[in-house]
Amino acid sequence: MRVVVVGGSGRVGTGVLPYLASWHEVVNFDIRPPSVPAGRYVRGSLFDTELLGRVLTQADGVIFMALGVWPPEVDASYEINVRGVHYVLEAARQAGLMHVVHSSTASVHDESKGSFPDEEMPLEPLHVYGLTKGLGETVCRWFCRMYGMSVLALRLFAPQPYENWLAQCRTRMPNGWTTFLDTARAYDAALRATSHSGFDAVFISGDWTGTYVNCAKAKRVLGWEPLDRYEGEKQNS
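Counting in my numbering, the sequence shown runs from 1 upward without gaps.
All the pointers check out, no bait thrown in.
Beta-carbon label-pair distances, calculated as ranges:
1. His86 - Arg43: 19 to 29 Å
2. Arg11 - Arg43: 11 to 21 Å
3. Phe47 - Thr138: 17 to 27 Å
4. Thr171 - Val42: 32 to 42 Å
5. Glu231 - Asp75: 37 to 47 Å
6. Gln58 - His127: 34 to 44 Å
Rather than coming from a laboratory, the hints here were simulated on the basis of the structure.
In this text, a Cβ means the ideal position worked out from N, Cα and C, and glycines have one as well.
Whenever a hint applies, use it, and build me the whole structure from the sequences.
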């Protein structure tokens, strides 16, 4: 599958694209060049609709992976997480790509509550980043309702290099963090879910026990569950 990843040069893209590029023909569309080359790079802005449209017309799938900046800035958060989502979905629609994978975040919820029982829990962000990512999901819902598009919004839980994830497990096991490999597998599953219709948000977390984050919906909708495991010093990954 030829996949355009919009915003693939950020932290998540740096960890995930090498895996996706081994499974798909990946085009990374970003204003910044990648620090770790994976697939083909095309320099472009979210708001250069003419160039973005030309790139998308040659694609079979599209992932919105632009995540804004951290710590969050008001102007940049709204530009990327709301306006940018609208521009990319419209460009995808114009290119005939009616199935889109959107990168959302656990930060659309109140993370201080300590558990995530299901995706229907209220959107109660604690900062402008989570607020604007939630508004981005609203944009996705609108495109699904207005134009019959399909959008799968992956609510990511702290994608990490395996070593970071393992260190966190050793201090608190299980935890919500997710390895880059498991995150890449979730993107791959969402790309392949072409029979999906409408809008769905799904939790993507490395908590294989479901005690902190319940990923049952991801398993039901995507056939995905985290494969990396940690049981004491016994590692199965």
